[in-house]
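Chains as they are written, first to last, in this note's numbering: chain V, 5 to 444; chain R, 5 to 444.
Please keep in mind that the hints were generated in silico from the structure rather than gathered at the bench.
Careful: at least some of the hints might be erroneous.
[Claimed, not checked] Taking lysine-lysine and the BS3-like style, the derived pairs with C-alpha atoms no more than 25 Å apart in a straight line are:
id, chain 1, residue 1, chain 2, residue 2
1, V, LYS31, R, LYS28
2, R, LYS443, V, LYS32
3, R, LYS393, R, LYS349
4, R, LYS363, V, LYS234
5, R, LYS28, V, LYS28
6, V, LYS363, R, LYS272
7, R, LYS32, V, LYS31
8, V, LYS195, V, LYS181
9, R, LYS272, R, LYS253
10, V, LYS32, R, LYS272
11, V, LYS272, V, LYS245
12, R, LYS31, V, LYS349
13, R, LYS253, R, LYS229
14, R, LYS28, V, LYS32
15, V, LYS32, R, LYS349
16, V, LYS272, R, LYS363
17, R, LYS349, V, LYS31
18, V, LYS26, R, LYS31
19, V, LYS217, V, LYS198
20, R, LYS198, R, LYS301
21, R, LYS28, V, LYS21
22, R, LYS32, V, LYS21
23, V, LYS28, R, LYS301
24, V, LYS301, V, LYS28
25, V, LYS26, R, LYS26
26, R, LYS28, V, LYS26
27, V, LYS32, R, LYS363
28, V, LYS26, R, LYS32
29, R, LYS31, V, LYS32
30, R, LYS21, V, LYS31
31, V, LYS317, V, LYS66
[Claimed, not checked] Some residues of chain V that are not near chain R, with every Cβ distance over 12 Å (derived):
id, residue
32, ILE199
33, GLY203
34, ARG213
35, ASN278
36, GLU412
Just so we're clear, the structure is a prediction, and the values are computed from it rather than from any experiment.
Every residue gets a Cβ at the ideal spot worked out from N, C-alpha and C, and that includes glycine.
There are 2 protein chains.
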Amino acid sequence: MLVTPRTLSGFRDHLPKEAIAKEKLLKKVTQVFESFGFVPIETPHMEYAEVLIKQGSKEIQKELYRFQDHGGRDVALRFDQTVPLARFISQYRNELPLPFKRYVVGNVFRGERAQRGRYREFTQCDFDFIGSNSIACDAEIIQVIYASMLSLGIEDFTIWLNHRSILNGICQYFGIKEETDIQNALRIIDKIDKIGPEGVSAELKEALRLTDKTIEALLKTTSIKQTQDKEEFFAEIAPMKQWNAELKKGIEELEQMYQILQDLEMDKSSYRVNFSIARGLAYYTGIIYETTITRLKSLGSVCSGGRYDNLTKTFSKESMSGVGASIGLDRLLVGLEDLGLLSQKSTTARILIICTNEKYLSLAHRIAESFRRSEVNTEVYPEITKLKKQLSYADQKGHEFSVIIGEEEYKNRALTLKNMTTGIQLDCLSFLKALEIIKS
Amino acid sequence: MLVTPRTLSGFRDHLPKEAIAKEKLLKKVTQVFESFGFVPIETPHMEYAEVLIKQGSKEIQKELYRFQDHGGRDVALRFDQTVPLARFISQYRNELPLPFKRYVVGNVFRGERAQRGRYREFTQCDFDFIGSNSIACDAEIIQVIYASMLSLGIEDFTIWLNHRSILNGICQYFGIKEETDIQNALRIIDKIDKIGPEGVSAELKEALRLTDKTIEALLKTTSIKQTQDKEEFFAEIAPMKQWNAELKKGIEELEQMYQILQDLEMDKSSYRVNFSIARGLAYYTGIIYETTITRLKSLGSVCSGGRYDNLTKTFSKESMSGVGASIGLDRLLVGLEDLGLLSQKSTTARILIICTNEKYLSLAHRIAESFRRSEVNTEVYPEITKLKKQLSYADQKGHEFSVIIGEEEYKNRALTLKNMTTGIQLDCLSFLKALEIIKS
Numbered sequence: 005m006l007v008t009p010r011t012l013s014g015f016r017d018h019l020p021k022e023a024i025a026k027e028k029l030l031k032k033v034t035q036v037f038e039s040f041g042f043v044p045i046e047t048p049h050m051e052y053a054e055v056l057i058k059q060g061s062k063e064i065q066k067e068l069y070r071f072q073d074h075g076g077r078d079v080a081l082r083f084d085q086t087v088p089l090a091r092f093i094s095q096y097r098n099e100l101p102l103p104f105k106r107y108v109v110g111n112v113f114r115g116e117r118a119q120r121g122r123y124r125e126f127t128q129c130d131f132d133f134i135g136s137n138s139i140a141c142d143a144e145i146i147q148v149i150y151a152s153m154l155s156l157g158i159e160d161f162t163i164w165l166n167h168r169s170i171l172n173g174i175c176q177y178f179g180i181k182e183e184t185d186i187q188n189a190l191r192i193i194d195k196i197d198k199i200g201p202e203g204v205s206a207e208l209k210e211a212l213r214l215t216d217k218t219i220e221a222l223l224k225t226t227s228i229k230q231t232q233d234k235e236e237f238f239a240e241i242a243p244m245k246q247w248n249a250e251l252k253k254g255i256e257e258l259e260q261m262y263q264i265l266q267d268l269e270m271d272k273s274s275y276r277v278n279f280s281i282a283r284g285l286a287y288y289t290g291i292i293y294e295t296t297i298t299r300l301k302s303l304g305s306v307c308s309g310g311r312y313d314n315l316t317k318t319f320s321k322e323s324m325s326g327v328g329a330s331i332g333l334d335r336l337l338v339g340l341e342d343l344g345l346l347s348q349k350s351t352t353a354r355i356l357i358i359c360t361n362e363k364y365l366s367l368a369h370r371i372a373e374s375f376r377r378s379e380v381n382t383e384v385y386p387e388i389t390k391l392k393k394q395l396s397y398a399d400q401k402g403h404e405f406s407v408i409i410g411e412e413e414y415k416n417r418a419l420t421l422k423n424m425t426t427g428i429q430l431d432c433l434s435f436l437k438a439l440e441i442i443k444s
Numbered sequence: 005m006l007v008t009p010r011t012l013s014g015f016r017d018h019l020p021k022e023a024i025a026k027e028k029l030l031k032k033v034t035q036v037f038e039s040f041g042f043v044p045i046e047t048p049h050m051e052y053a054e055v056l057i058k059q060g061s062k063e064i065q066k067e068l069y070r071f072q073d074h075g076g077r078d079v080a081l082r083f084d085q086t087v088p089l090a091r092f093i094s095q096y097r098n099e100l101p102l103p104f105k106r107y108v109v110g111n112v113f114r115g116e117r118a119q120r121g122r123y124r125e126f127t128q129c130d131f132d133f134i135g136s137n138s139i140a141c142d143a144e145i146i147q148v149i150y151a152s153m154l155s156l157g158i159e160d161f162t163i164w165l166n167h168r169s170i171l172n173g174i175c176q177y178f179g180i181k182e183e184t185d186i187q188n189a190l191r192i193i194d195k196i197d198k199i200g201p202e203g204v205s206a207e208l209k210e211a212l213r214l215t216d217k218t219i220e221a222l223l224k225t226t227s228i229k230q231t232q233d234k235e236e237f238f239a240e241i242a243p244m245k246q247w248n249a250e251l252k253k254g255i256e257e258l259e260q261m262y263q264i265l266q267d268l269e270m271d272k273s274s275y276r277v278n279f280s281i282a283r284g285l286a287y288y289t290g291i292i293y294e295t296t297i298t299r300l301k302s303l304g305s306v307c308s309g310g311r312y313d314n315l316t317k318t319f320s321k322e323s324m325s326g327v328g329a330s331i332g333l334d335r336l337l338v339g340l341e342d343l344g345l346l347s348q349k350s351t352t353a354r355i356l357i358i359c360t361n362e363k364y365l366s367l368a369h370r371i372a373e374s375f376r377r378s379e380v381n382t383e384v385y386p387e388i389t390k391l392k393k394q395l396s397y398a399d400q401k402g403h404e405f406s407v408i409i410g411e412e413e414y415k416n417r418a419l420t421l422k423n424m425t426t427g428i429q430l431d432c433l434s435f436l437k438a439l440e441i442i443k444s
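Given these sequences and hints, build the entire structure.
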């Protein structure tokens, strides 16, 4: 009996074109992370369940892939990279010089209801700055997001900034005092893009029994968005600092971070305050942010994060502050595709070498060696078949050039070069001439 | 109640030093794979159990992490990258131009008994050439192994070559005829490094009831190893081609591959025939190989592989031939460490910028931006603390240089550069002068 070759629902393969594009994207952003001194770490995909469930929300506990291993241990697959980071920091606290800046690229697992664009296994790409309360760290994370976007060729984007204390302060001002109520309110407000203001109003009314008037004022306040320059904007919101201590703290910290950012060579229109940014996650305690690509608003945030003050609370009584962000890799790939910034190739080689006779194969391999030594990735078609078949293989995979070795070429120790895009063929070139054309 | 921060037995974290070294190693070898036109693909860590168990040995089925998912599906974590490749090839057969050359870097899971140097989750790094029977593909895999070793700075290594038909032919010649008996014999002979010739003799005697004399002759034959040059060696073993058809086929195919390899610019002493290479795995059908580092013989093979003819048999009636190898990443890391070829740094940044006053922090960030634009990875210490503490952070992590910004430097728009290895400090340099020193 044959087995049907298929992936599990909600899981997927990356074919070469996607995998090449993903590799390139990761190479670019990890290069940015490293340019700021973030270091890679690696933790297992599987952990003791207790390590993961203590910090996860109820929602996430339901989605956890959890089972007994061979030794009867209660284990689970990680659902994010932050909880393993908390475990890691607590475990190696004495070996890690603080502040600790790490990045990680790895897959996480959530048994969510399968739906379009949502996968049960997906790659997270996180970078975090642990063990310092300095606002300079928050600013650096914004800098890294900025540099990452530029490295990917994305020019028109906005990093939307907010502060959990601002949201808390606004909630308190409008009479929402309990921590759980505030979190509930923020969770609902965060859904505004999905369910619209009416939906949010209805849910707020039902969940928190607020008056229509309060809800209206609350939504108006959380919809404040910076459209003018820094001085003007902060002058305009300055009166809110009087509302309560939380608002004061939030606005002042945002201003401090602005001060650092404005001194750097970043386009000032690329980051702006937006009081509607709530980040659903309960663990944020300071400045928070989301990143949208201007031409692709409906895509949602492609890089989000913020400061959290209780990273290691599950494992240690000492508190440890951190700030970090996560790149939404899958969304970003969709976005880059839409912007025409993704490579459409299914090959990593620029050249395919083609032979029409067994006799020339060894010359073909020697020519390939020479191209590789000149840093040109080169593939040799391994069999002797029709020229047409070999050229169509190059076409399908996206090689830029074919190098053809036939009788004439063999005799003259030369090669024929075909540009696969233009179709232009140059016969019997020397290796050096061909290399020059390929490298130009 | 606090949770103890710990990993599962047999699982491990990579701290920055190890993770940086591993990343570098992977970057080098994947660059080699891509230079030959191998393309990356990605498959999920989790599959339907039936997809994985049909091809796995009994041993591996016992070690499988297998459980029911939320939808009651019988699922398991992959234990290698070859079975998922077989599923992948069968599933996308019509979309993939053949021959298909893929590489993959990813983690696999085996619930083995925990022991030193063996992990339950480990990274596999495979490259395979699918859909062609040409010996040129076998030769190319050897070329890739060769180029990979050189790219890692390993110069003294041997790729040991053998052929499953040679082993089958030898077994048949000594009266071991049944396929299961042959596999059993090969599995036992493969243990020679672990249990010695006496151990192997004893096991062969018990399992196959061979006479002492036959065992002696069998072991003598399988211990044939090429010590002389190609012509001489193949002349010496030529009479064995008369023993039976299997031996004839095996020796001739090895000779054909030798012909291709000898035409390339590879050091001829780096690959040699060795009849004792058995590769425990039943699925090999053609040329097989292992790679040892000369100075680290006890390490075992760091890159092994071979040709298999029935890759997709679980999923399809059509047979599909492939040839490929797998880099033993963990072993290789141990080996490179022993050879002193591993980076000992815990940082990805070359420079740490240090400030002694809040006032200079923004200048520090601007200087960092300039270094990064000149492609020098640069970290800024995010807090204002004692100079000594910041320098000791740079020492611990392994930054090559510290850049110190104090009162003098701030006033003169200059910087002080300290070489962390030599301790030499140059005061109040211009940025360009400092850059020149760092880049020299």
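Right, here's what the structure says about each hint:
1. LYS31(V) <-> LYS28(R): Holds: LYS31(V) and LYS28(R) sit about 12 Å apart, inside 25 Å.
2. LYS443(R) <-> LYS32(V): holds (22 Å)
3. LYS393(R) <-> LYS349(R): holds (19 Å)
4. LYS363(R) <-> LYS234(V): Judged against 25 Å, a Cα distance of about 21 Å means the pair holds.
5. LYS28(R) <-> LYS28(V): holds (16 Å)
6. LYS363(V) <-> LYS272(R): holds (22 Å)
7. LYS32(R) <-> LYS31(V): With a Cα-Cα distance of about 13 Å, the restraint between LYS32(R) and LYS31(V) holds, given a limit of 25 Å.
8. LYS195(V) <-> LYS181(V): OK: LYS195(V) and LYS181(V) at ~21 Å, within 25 Å.
9. LYS272(R) <-> LYS253(R): Holds: LYS272(R) and LYS253(R) sit about 23 Å apart, inside 25 Å.
10. LYS32(V) <-> LYS272(R): violated (38 Å)
11. LYS272(V) <-> LYS245(V): holds (24 Å)
12. LYS31(R) <-> LYS349(V): Holds. LYS31(R) to LYS349(V) sits at ~20 Å (cutoff 25 Å).
13. LYS253(R) <-> LYS229(R): holds (18 Å)
14. LYS28(R) <-> LYS32(V): Since the Cα atoms of LYS28(R) and LYS32(V) sit roughly 15 Å apart, the hinted pair holds (cutoff 25 Å).
15. LYS32(V) <-> LYS349(R): holds (21 Å)
16. LYS272(V) <-> LYS363(R): holds (22 Å)
17. LYS349(R) <-> LYS31(V): holds (20 Å)
18. LYS26(V) <-> LYS31(R): holds (15 Å)
19. LYS217(V) <-> LYS198(V): Roughly 22 Å between the alpha carbons, so the hint for LYS217(V) and LYS198(V) holds.
20. LYS198(R) <-> LYS301(R): holds (13 Å)
21. LYS28(R) <-> LYS21(V): The hint holds at about 24 Å.
22. LYS32(R) <-> LYS21(V): Measuring from Cα to Cα gives roughly 21 Å; hence the hint holds.
23. LYS28(V) <-> LYS301(R): Violated - the C-alpha atoms of LYS301(R) and LYS28(V) are around 37 Å apart, more than 25 Å.
24. LYS301(V) <-> LYS28(V): holds (24 Å)
25. LYS26(V) <-> LYS26(R): holds (19 Å)
26. LYS28(R) <-> LYS26(V): holds (18 Å)
27. LYS32(V) <-> LYS363(R): violated (33 Å)
28. LYS26(V) <-> LYS32(R): holds (18 Å)
29. LYS31(R) <-> LYS32(V): Distance of about 13 Å is within 25 Å: holds.
30. LYS21(R) <-> LYS31(V): It holds: about 19 Å lies between the C-alpha atoms, which stays within 25 Å.
31. LYS317(V) <-> LYS66(V): Satisfied, since the Cα-Cα distance of roughly 22 Å is no more than 25 Å.
32. ILE199: Fine: 26 Å to the nearest Cβ keeps ILE199(V) off the interface.
33. GLY203: holds (28 Å)
34. ARG213: Its Cβ never comes within 12 Å of chain R, the nearest being 35 Å, so this holds.
35. ASN278: Fine: 24 Å to the nearest Cβ keeps ASN278(V) off the interface.
36. GLU412: About 20 Å separates GLU412(V) from the closest Cβ of chain R, which puts it past 12 Å; holds.
Comparing the model with each earlier hint shows violations of hints 10, 23 and 27; every other hint is respected.
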